[in-house]
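Colleague: So you can see what is in the structure, the chains are spelled out below.
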Amino acid sequence: MGLIEIAAAKALASSAVFLFFTLLVMAAAKRISTCIVMFSVQSAIMAAEILAVAYANKSAEAYTIAALVIVVKVLAIPYLLFRIVRNLKASQDVASSTTGAQSVFIMVGLILLSFFAVAPYARTLRVDEDMLAASIALLLAGAFLMVSRKKALMQVIGLLILENGILLAALTTIFGMPLVIEIGIFFDLLMGVFLMGLFVFRIRDTFEHLDVSKLRRLRG
Amino acid sequence: MTLVLLLLVPFLAALLVLTCKESRRAVLVAMSAGAIEGAAIVNAVWRILAAGALQCGQYLRADGLTAFFLLNVGVILALVLTYSIGYLRHIPAGRFSSPRWFYSLTFLFVFTIMAVFLSANLGMLWICVESTTLASALLVGFYNTKGAVEAGWKYLVVCTVGIAFALFGTIALYLAAVRSGVNPASALDWTVLMNAAPSFGVTRDLVKLSFVFVAVGYGTKIGFVPMHSWLPDAHAEAPTPISALLSAVLLNCAMYALLRFDTITSHAIGGEFSHTLLLIFGGLSVTVAALLMVVQRDLKRLLAYSSIEHMGIVAIGIGVGGPLGLFGALLHTFNHSIAKSLMFFTSGNVRESFGTLRMRRIHGMARSMPWTSAGLVVGSLAIVGMPPFGLFISEFMILTAAFGASRYLIAILLLVSLSVVFGALLHHFQRMLAGKRTDVPAKLKLLPSDFAVMGVCTALLLLFGVHIPGMFAFLLQRALVVLQ
Amino acid sequence: MNPAIDLIQSLLLVAIAPLVSGVIARLKAQMQNRRGASVLRPYADLLKLFRKHDMAPDTASWLFRFAPAALFAVTVTAAAFVPVLHASALFGVGGDFILLVYLLAFGRFFLMLGAMDGGSSFGGLGASREALVSALAEAPLLLALTSVAILTHSISVAGIVLFTLQQHPFQLSAVFVFALGALVLVAIAETGRIPVDNPSSHLELTMIHEAMVLEYSGASLALIEWASSIKLTLILALLIGVFAPWGMAAGASLVALALAPLFFALKLAALTIAIAVLESSIAKLRMYQVPDFLGMASALAILAVAFTALMR
Numbered sequence: 365m366g367l368i369e370i371a372a373a374k375a376l377a378s379s380a381v382f383l384f385f386t387l388l389v390m391a392a393a394k395r396i397s398t399c400i401v402m403f404s405v406q407s408a409i410m411a412a413e414i415l416a417v418a419y420a421n422k423s424a425e426a427y428t429i430a431a432l433v434i435v436v437k438v439l440a441i442p443y444l445l446f447r448i449v450r451n452l453k454a455s456q457d458v459a460s461s462t463t464g465a466q467s468v469f470i471m472v473g474l475i476l477l478s479f480f481a482v483a484p485y486a487r488t489l490r491v492d493e494d495m496l497a498a499s500i501a502l503l504l505a506g507a508f509l510m511v512s513r514k515k516a517l518m519q520v521i522g523l524l525i526l527e528n529g530i531l532l533a534a535l536t537t538i539f540g541m542p543l544v545i546e547i548g549i550f551f552d553l554l555m556g557v558f559l560m561g562l563f564v565f566r567i568r569d570t571f572e573h574l575d576v577s578k579l580r581r582l583r584g
Numbered sequence: 008m009t010l011v012l013l014l015l016v017p018f019l020a021a022l023l024v025l026t027c028k029e030s031r032r033a034v035l036v037a038m039s040a041g042a043i044e045g046a047a048i049v050n051a052v053w054r055i056l057a058a059g060a061l062q063c064g065q066y067l068r069a070d071g072l073t074a075f076f077l078l079n080v081g082v083i084l085a086l087v088l089t090y091s092i093g094y095l096r097h098i099p100a101g102r103f104s105s106p107r108w109f110y111s112l113t114f115l116f117v118f119t120i121m122a123v124f125l126s127a128n129l130g131m132l133w134i135c136v137e138s139t140t141l142a143s144a145l146l147v148g149f150y151n152t153k154g155a156v157e158a159g160w161k162y163l164v165v166c167t168v169g170i171a172f173a174l175f176g177t178i179a180l181y182l183a184a185v186r187s188g189v190n191p192a193s194a195l196d197w198t199v200l201m202n203a204a205p206s207f208g209v210t211r212d213l214v215k216l217s218f219v220f221v222a223v224g225y226g227t228k229i230g231f232v233p234m235h236s237w238l239p240d241a242h243a244e245a246p247t248p249i250s251a252l253l254s255a256v257l258l259n260c261a262m263y264a265l266l267r268f269d270t271i272t273s274h275a276i277g278g279e280f281s282h283t284l285l286l287i288f289g290g291l292s293v294t295v296a297a298l299l300m301v302v303q304r305d306l307k308r309l310l311a312y313s314s315i316e317h318m319g320i321v322a323i324g325i326g327v328g329g330p331l332g333l334f335g336a337l338l339h340t341f342n343h344s345i346a347k348s349l350m351f352f353t354s355g356n357v358r359e360s361f362g363t364l365r366m367r368r369i370h371g372m373a374r375s376m377p378w379t380s381a382g383l384v385v386g387s388l389a390i391v392g393m394p395p396f397g398l399f400i401s402e403f404m405i406l407t408a409a410f411g412a413s414r415y416l417i418a419i420l421l422l423v424s425l426s427v428v429f430g431a432l433l434h435h436f437q438r439m440l441a442g443k444r445t446d447v448p449a450k451l452k453l454l455p456s457d458f459a460v461m462g463v464c465t466a467l468l469l470l471f472g473v474h475i476p477g478m479f480a481f482l483l484q485r486a487l488v489v490l491q
Numbered sequence: 044m045n046p047a048i049d050l051i052q053s054l055l056l057v058a059i060a061p062l063v064s065g066v067i068a069r070l071k072a073q074m075q076n077r078r079g080a081s082v083l084r085p086y087a088d089l090l091k092l093f094r095k096h097d098m099a100p101d102t103a104s105w106l107f108r109f110a111p112a113a114l115f116a117v118t119v120t121a122a123a124f125v126p127v128l129h130a131s132a133l134f135g136v137g138g139d140f141i142l143l144v145y146l147l148a149f150g151r152f153f154l155m156l157g158a159m160d161g162g163s164s165f166g167g168l169g170a171s172r173e174a175l176v177s178a179l180a181e182a183p184l185l186l187a188l189t190s191v192a193i194l195t196h197s198i199s200v201a202g203i204v205l206f207t208l209q210q211h212p213f214q215l216s217a218v219f220v221f222a223l224g225a226l227v228l229v230a231i232a233e234t235g236r237i238p239v240d241n242p243s244s245h246l247e248l249t250m251i252h253e254a255m256v257l258e259y260s261g262a263s264l265a266l267i268e269w270a271s272s273i274k275l276t277l278i279l280a281l282l283i284g285v286f287a288p289w290g291m292a293a294g295a296s297l298v299a300l301a302l303a304p305l306f307f308a309l310k311l312a313a314l315t316i317a318i319a320v321l322e323s324s325i326a327k328l329r330m331y332q333v334p335d336f337l338g339m340a341s342a343l344a345i346l347a348v349a350f351t352a353l354m355r
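Residue numbers (my numbering), protein chains in the order written: chain A, 365 to 584; chain B, 8 to 491; chain C, 44 to 355.
Chain A with its partners taken away, still in its complex shape:
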């Protein structure tokens, strides 16, 4: 039992590393489904963190939030995204404007940047510097993915990672917000993904491609 506990404690303490790893895999990924799986893994890691806090503080609220994260982010949203990918019948290629190595280098740069950005705050706030840096890295990585990937669905995934980063920042600093607010945020996120999926289909139907870099009719 002791070994499992040690393993679990160590795994949780190094969840920032796992998050960075998912970011790097996502940067190097060439298919959309890889990115969706990585997003699911990221959310699962966050849910594990919340469960650890819930277990330590015996807080029912934290358990509910963890359950919410699992249901919405680990299961529901990836399922929605996979269904969209399947129904679109388009190629799974992540149309990226940077090559694999360039994306990974930029991601490494973003991770290091987030460490530097967080350094002054982590000391004054007395929080886990690694997790705070991971949350900022998720934010920046989401923004980077949105900008560099030309497929509409990849922009949705980038947005989801951005929101993941923000929620992780909330988790690290204040252990989440009041329950009702968290539920509202998750509901909004779910609706947002649903609507964006709807729009992706509309883009496909009206434009017959899914390359958002070609959506440039309205300019000036």
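Treat the hints with caution; some may be incorrect.
[Claimed, not checked] Think about it this way: if two alpha-carbon atoms lie no more than 30 Å apart in a straight line, the pair counts; the simulated DSS-like pairs of lysine-lysine are:
{"hint": "1", "chain 1": "B", "residue 1": "K28", "chain 2": "A", "residue 2": "K514"}
{"hint": "2", "chain 1": "B", "residue 1": "K153", "chain 2": "B", "residue 2": "K28"}
{"hint": "3", "chain 1": "C", "residue 1": "K327", "chain 2": "A", "residue 2": "K394"}
Honestly, the hints are just simulated from the structure, not real lab data.
With chain A held as given, fit chains B and C onto it using these hints.
Modeller: Coordinates of chains B and C only, in the frame set by chain A:
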């Protein structure tokens, strides 16, 4: 109960309209729902003025500021619904473009807007602002054309990203509050934060960080430059009544959210930081929008950039501060919404008659569409800030406050931009109004509702340009009390 | 610190190298639904090759004959730097992880020279491709090893192994994770496996290592083949030693030393299965994609080095 009613009516109306198979019945249901909501709004405003502030449960609250904006929404909603009676004749039939879907989505949109104004809690505020984006995205992409879908997608993605930044700012403020000793369970409540704000001095940097993110986040929704890229597309491609709702109400809604944060920040660390940031955003918006208005080719895009410019003016008003600046800013939101609605309504008529909104192709409006041209002239004079229309008063107040606070650079920037806008509008509209019509005019018969709408707008603009009614001034004063 | 054990472990590496190649080949065959040759086939190949006539092209110089011998000698020397059974190596000195990298580079250098000296176009082609891959693989290899060295406060491979050996498996730091990632990618490139190079292909489009050895025969070819197997085994042993050394004997206790080969064999078996699965499931990268692949390894290695400062 009054507050719950404000939310319940549009929500139920949205569901009810969907069940009406006949479009005439849908219009009837929509109009009656609009009337009931209007009555509910008047009732709520009356109650708030009498009682000071209304609270319903933990999450719904309405004070003087809310009352002012509720009145704004009520007036615009009435105008938009009236105009839509005539407008719906022109909706091309499609699977989702029928009148009942139009009204259902519109009422859902109104429901989310009401929820924003009635939020007592900053987290609730965020959720509701995000839901306004979601509710209006389908309305922006209503026509399912290439332009509409592109505009809808851009709107959805850019605004969701922006609002995610606002969430970050909200969390940072929550963190600052909790670190300063506020009870975590209620540290998102606006009144609690206002009372505890003076003790936030310890977490100065955190409060500043939070305001920066909130300004960027909600600023995206307001349309501040450089986060404005979605605005011209969304306001141009949406159906005309929805464009009016977006420009007149949604921008004010986002400004309301920013105002709530600005007050807390000013109480916590003093006003210099937040107001300077607002001045920067306002100045940028005003300048860039004015310059871009000169080169526009599409009428509704021109109006959208004008909205950006006016939101910049409101931001300058808040940034300059002081009772005069704030009064001018709030008055400006109201006047601008009336004037912008008028402009959008006339543009809808132009579109139906000429078949296009490209200003180069429109000639001879004055002869063939006298009433619409009159509306256009009144609207453009009002938008530019000419007396005797209302916007002159509010802009004058803001300028006076700017000079009074020695913000000379901003004041001069504002004056120059207003002149540029005047020149741009003169240039565009003169070409549209004068001359002879070269194409075959479509049969456009203006319904009494169209006349009524344009007439009411003109009357209101004139009224507020000449003399602000006592009750209204009282309402504004109450709103200002909340902000100080 | 027993020199006898060090000698035994180096000889062990050299001796079982062909077996490792044989096992990988057999596993790949099984995954492709063939029966495959016996795992001892490489030994038979080596014996056969040693008995055959060693020919050289007329235009070749002394380099052509010298290169295989140099390659073999250098690789065997390199094998003496890697701890296998216990946390020390025969030639282990301070700074030997850098020496190890450049010993391997030295051998590769002579192989390229020999290939070009052979005079055929395939030799030049193979040499130029090999130069590209090795140039790009050198940085991540050095950086990753450096990051691990910084983390473990030691400057020799034996020291790194000793440090990790004394740690609890779950106390590993983030640096290890990223260094492992970088080293795995580099190992694929250095040992010439799919997806960087296909060791069993003879198509002009796809061969790198095979192109360089095309002109060789007899004892020279035997030495080259053996050297390449030794390189594969020693890189695998390096990975095992740096990242998962538990099971190695820390001191000189007889029981631990007796069990150590068993653990090593187990870990080596796991790695060979992993290589076989990897080679059978993914496609070889086209030549212009290889720099991209190695770029990712460099990025991971840079992250590993940065993390030694950020995540102590």
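Colleague: Against each hint, give a clear statement of whether it holds in the structure.
Modeller: Structure-based check of each hint:
{"no.": "1", "hint": "B/K28 with A/K514", "verdict": "violated (41 Å)"}
{"no.": "2", "hint": "B/K153 with B/K28", "verdict": "holds (28 Å)"}
{"no.": "3", "hint": "C/K327 with A/K394", "verdict": "holds (15 Å)"}
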